[in-house]
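Whenever a hint applies, use it, and build me the whole structure from the sequences.
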Amino acid sequence: MKALRKLYAVIKKEFRQLRRDRITFFMIVGVPIGQILLFGYAINTDVRNLKSAVADQANSHLSRQFVAELRQTQVIDLRFAVETPKQIEELLRMGEISVGVFIPPDFDRRVIDLHRAAAQLLVDGGDPTILGVANQLASMPFGFDSQPDIARVRTFEVRPYYNPERRSAVNIIPGLIGVILTMTMMLFTAVAIVRERERGNLELLINTPVSTAELMIGKVSPYILIGLIQLALIVGVGQLLFKVPVRGSMLDLYLAASAFIIANLALGLFISTVSRTQFQAMQVTVFLLLPSILLSGFMFPFDGMPKLAQYLGELLPNTHFIRLTRGIMLRDASLADLGQELLVLGVFAMVALTAAILRFSRRLD
Amino acid sequence: MATNTGLAIEARGLAKQFGDLVAVDHIDLDVPKSRIYGFLGPNGSGKSTTIRLLCGLLTPSSGTATVLGLQVPGDAAELKPRIGYMTQRFSLYGDLTVYENMEFIADIYALPRTRRNARIDELLEQYDLVAQRRQFAGTMSGGQRQRLALACAVLHKPELLLLDEPTSAVDPKSRRDFWTKLFELAHDGTTILVSTHYMDEAERCHRLAILDRGRKVADGSPAELQASTGMNIVEVLADDPVVAQSVLAGLPEVTSITQLGMRLRVLVPQAVQDPRELIDAALEKNRIPADISVVSASLEDVFVAVTQKRKAA
Numbered sequence: 043m044k045a046l047r048k049l050y051a052v053i054k055k056e057f058r059q060l061r062r063d064r065i066t067f068f069m070i071v072g073v074p075i076g077q078i079l080l081f082g083y084a085i086n087t088d089v090r091n092l093k094s095a096v097a098d099q100a101n102s103h104l105s106r107q108f109v110a111e112l113r114q115t116q117v118i119d120l121r122f123a124v125e126t127p128k129q130i131e132e133l134l135r136m137g138e139i140s141v142g143v144f145i146p147p148d149f150d151r152r153v154i155d156l157h158r159a160a161a162q163l164l165v166d167g168g169d170p171t172i173l174g175v176a177n178q179l180a181s182m183p184f185g186f187d188s189q190p191d192i193a194r195v196r197t198f199e200v201r202p203y204y205n206p207e208r209r210s211a212v213n214i215i216p217g218l219i220g221v222i223l224t225m226t227m228m229l230f231t232a233v234a235i236v237r238e239r240e241r242g243n244l245e246l247l248i249n250t251p252v253s254t255a256e257l258m259i260g261k262v263s264p265y266i267l268i269g270l271i272q273l274a275l276i277v278g279v280g281q282l283l284f285k286v287p288v289r290g291s292m293l294d295l296y297l298a299a300s301a302f303i304i305a306n307l308a309l310g311l312f313i314s315t316v317s318r319t320q321f322q323a324m325q326v327t328v329f330l331l332l333p334s335i336l337l338s339g340f341m342f343p344f345d346g347m348p349k350l351a352q353y354l355g356e357l358l359p360n361t362h363f364i365r366l367t368r369g370i371m372l373r374d375a376s377l378a379d380l381g382q383e384l385l386v387l388g389v390f391a392m393v394a395l396t397a398a399i400l401r402f403s404r405r406l407d
Numbered sequence: 003m004a005t006n007t008g009l010a011i012e013a014r015g016l017a018k019q020f021g022d023l024v025a026v027d028h029i030d031l032d033v034p035k036s037r038i039y040g041f042l043g044p045n046g047s048g049k050s051t052t053i054r055l056l057c058g059l060l061t062p063s064s065g066t067a068t069v070l071g072l073q074v075p076g077d078a079a080e081l082k083p084r085i086g087y088m089t090q091r092f093s094l095y096g097d098l099t100v101y102e103n104m105e106f107i108a109d110i111y112a113l114p115r116t117r118r119n120a121r122i123d124e125l126l127e128q129y130d131l132v133a134q135r136r137q138f139a140g141t142m143s144g145g146q147r148q149r150l151a152l153a154c155a156v157l158h159k160p161e162l163l164l165l166d167e168p169t170s171a172v173d174p175k176s177r178r179d180f181w182t183k184l185f186e187l188a189h190d191g192t193t194i195l196v197s198t199h200y201m202d203e204a205e206r207c208h209r210l211a212i213l214d215r216g217r218k219v220a221d222g223s224p225a226e227l228q229a230s231t232g233m234n235i236v237e238v239l240a241d242d243p244v245v246a247q248s249v250l251a252g253l254p255e256v257t258s259i260t261q262l263g264m265r266l267r268v269l270v271p272q273a274v275q276d277p278r279e280l281i282d283a284a285l286e287k288n289r290i291p292a293d294i295s296v297v298s299a300s301l302e303d304v305f306v307a308v309t310q311k312r313k314a315a
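If you read the sequences in order, they're chains A and B. For the first sequence, the numbering used here begins at 43 and goes up steadily by one. For the second sequence, the numbering used here begins at 3 and goes up steadily by one.
Calculated from the structure, these hints are not laboratory results. Cβ coordinates follow ideal geometry from the N, Cα and C atoms, glycine included. Worth double-checking, as some hints may not be accurate.
Stated by the list, open to error - Listed next, the stretches of chain B that the computed footprint assigns to chain A, with coverage defined by at least 3 CB atoms under 8 angstroms from CB atoms of chain A:
1. 32-41
2. 100-108
3. 214-220
4. 250-260
To be verified - Sample of chain B residues lacking proximity to chain A, with all beta carbon distances greater than 10 angstroms (derived):
5. E12
6. L125
7. M142
8. Q146
9. D190
What the hints assert, rightly or not - Computed list of lysine-lysine pairs in DSS-like fashion (alpha-carbon distance at most 27 angstroms, straight line):
10. A:K54 <-> A:K44
11. A:K44 <-> B:K159
12. B:K311 <-> B:K175
13. A:K54 <-> B:K159
14. B:K311 <-> B:K183
15. B:K175 <-> B:K159
The structure is reproduced here in structure tokens:
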């Protein structure tokens, strides 16, 4: 009961200070809107090792050779062999793969027929880069050894899923939510404790009965609300200006965002406990922000990155959040489909908050 | 009127070292309850560090301290609700109003809500802050801020108040009013530990310790300290005090000379048989006319005497 009173006192104080801090207020509203307008275009790049599945219903000598050749291009990394296109769709929706190859039972005949595509490439069109790669794959020449050496018009028929109009904003904005929240949330709390130390408030605070956990949780809580306001702002502007859909459940999106926001706030708090000055805290924040943009799958397709970069990327909350937002907003995936990503964010938040509380010293030496 | 006996603070061999710097050098302290106890010393003498050690903000390098019967820093968490601390620098929130600051402090001490508002109103009245109730703390004068800081430090009615140079940024009128408040609090049973570098403030304490470069060089009531300087104070009123000072400075018996307008305060150890005669002869020889009288020691003389003694040693 007493703990709740104290926690509430810290939260109320934070809200009051926040309301009066014009720069912070600008950051809450200005940063998301500015960023959405700035990121109009995607940055494309060469892609390799896209996770993929194959449904080979022909199962002929030729179809097996075809799959082998596809693998040799190194563009796709075959992870699953399934039976039906339905299963490919399922894997796409779960985010397990970004490309699926469907080889129909009459594949051998189609290969000879120059007017029909021989097979189908099912693509997560949510990512325009992947879609571009798929289109390149589609023109890969293939045929019987005995066939006259003519370039095939179309080996594949490309079916972009989830983003049939191939607009990059559709892909950028779900990722941008993660980038904006990473930046603002981490920065807000990174300077929070350091600022109180610099202003001398902390020496008074640590001499009161307020506990470290009450102080930390009280400082973080108001920003959860602010993060959700930012989310609403980005999704709203995205829908209004770029017609970015939210195909999955809004509730799922907000739940996923809450976990992500808490993870970033906790990380910010931890930064605050290891920094001596506000400037240092901001430097560390920027140092963490850059990989969150470059290695999270926001800029470049995650599967196309070198292995080491992927391992680093897995350590960033933004990587997991982007998988969640793209899944929920574009592929109508549910939180249950993406439970693992949500779990990672939750664990991340708990670890960072615990580390911040343990790291925070109630002494001056 | 509280009739508490015993000690609020008891420290033995308390020391704090920062790297090579010895900030507090094995200090023993006995602070009686319901009294105003002063720390007198120049900047860097270890006043702030000692106060921080006593409220558990710093870990001592050696020695022990018992505050309100609790060990610090070990039992600091238990101690915190029972003490009030006023930092040297204003440490409340400049972007909150007077009332909001007090409300925040009251809430983190978990004052029951019904009592809280009455207590805040009472303090606003007592500390003459009613008109500033809705003013941002950051826009107030030094004296107003200091009253707010004290009001916040006593909100939860602590048994012990630790005040670190509370009057360093306020005008003389505010300082007087502040001390009136301290006496009221002590009268109601609060023990007050206050650091200062003002002699007049030190003189008002029930007891005080004089700190010099981390060491406690003297302690006792102001009267005791004044009686035990081991010095005679000779006051010299001369037409040309600067010349008189240069002559007297040449005497090996003289410990120190302080000029106050046309007067010189000359400290001579009590071992010297007739200090008046000594000064008189020296001035006569140089044909400097002067009125000479032996006066009682002020606290400043005590301060000069004990710090000089250590320098000589």
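For each hint, the structure was consulted:
1. Counting residues of the segment 32-41 of chain B whose CB lies closer than 8 angstroms to any CB of chain A gives 0, so the stated coverage by that chain is violated, three being the minimum.
2. Remark: the segment 100-108 of chain B is confirmed as covered by chain A, as 4 of its residues place a Cβ nearer than 8 angstroms to a Cβ of that chain, reaching the required three.
3. Using a Cβ-Cβ cut-off of 8 angstroms, 0 residues of the segment 214-220 of chain B lie near chain A, which falls short of the minimum of three, so the contact claim is violated.
4. Counting residues of the segment 250-260 of chain B whose beta carbon lies closer than 8 angstroms to any beta carbon of chain A gives 0, which falls below the threshold of three, so the coverage claim is violated.
5. Taking the minimum C-beta to C-beta distance to chain A, about 20 angstroms, the non-interface status of E12 of chain B holds against the 10 angstroms cut.
6. For L125 of chain B, the condition that its CB be more than 10 angstroms from all CB atoms of chain A holds, with the nearest at approximately 17 angstroms.
7. For M142 of chain B, the non-interface assignment is confirmed: its Cβ lies about 16 angstroms from the closest Cβ of chain A, beyond the 10 angstroms cut-off.
8. Against the 10 angstroms criterion, Q146 of chain B stays outside the reach of chain A, whose nearest CB is about 17 angstroms from its own CB.
9. Separation of D190 of chain B from chain A is adequate, the least Cβ-Cβ distance of about 21 angstroms exceeding the 10 angstroms criterion.
10. As the CA atoms of K54 of chain A and K44 of chain A are separated by approximately 15 angstroms, the hinted pair is consistent with the 27 angstroms bound.
11. Taken as a hint, the K44 of chain A and K159 of chain B pair is honoured in the structure, with Cα atoms around 18 angstroms apart against an allowance of 27 angstroms.
12. Only pairs whose Cα atoms come within 27 angstroms are accepted, and K311 of chain B paired with K175 of chain B is rejected, the gap being roughly 34 angstroms.
13. With a C-alpha separation of about 23 angstroms, the suggested pairing of K54 of chain A with K159 of chain B holds against the 27 angstroms cut-off.
14. Restraint check: the Cα-Cα separation between K311 of chain B and K183 of chain B comes to about 35 angstroms, which exceeds 27 angstroms; the hinted pair is violated.
15. For the hint linking K175 of chain B to K159 of chain B, the alpha-carbon distance of about 25 angstroms falls within 27 angstroms, and the restraint holds.
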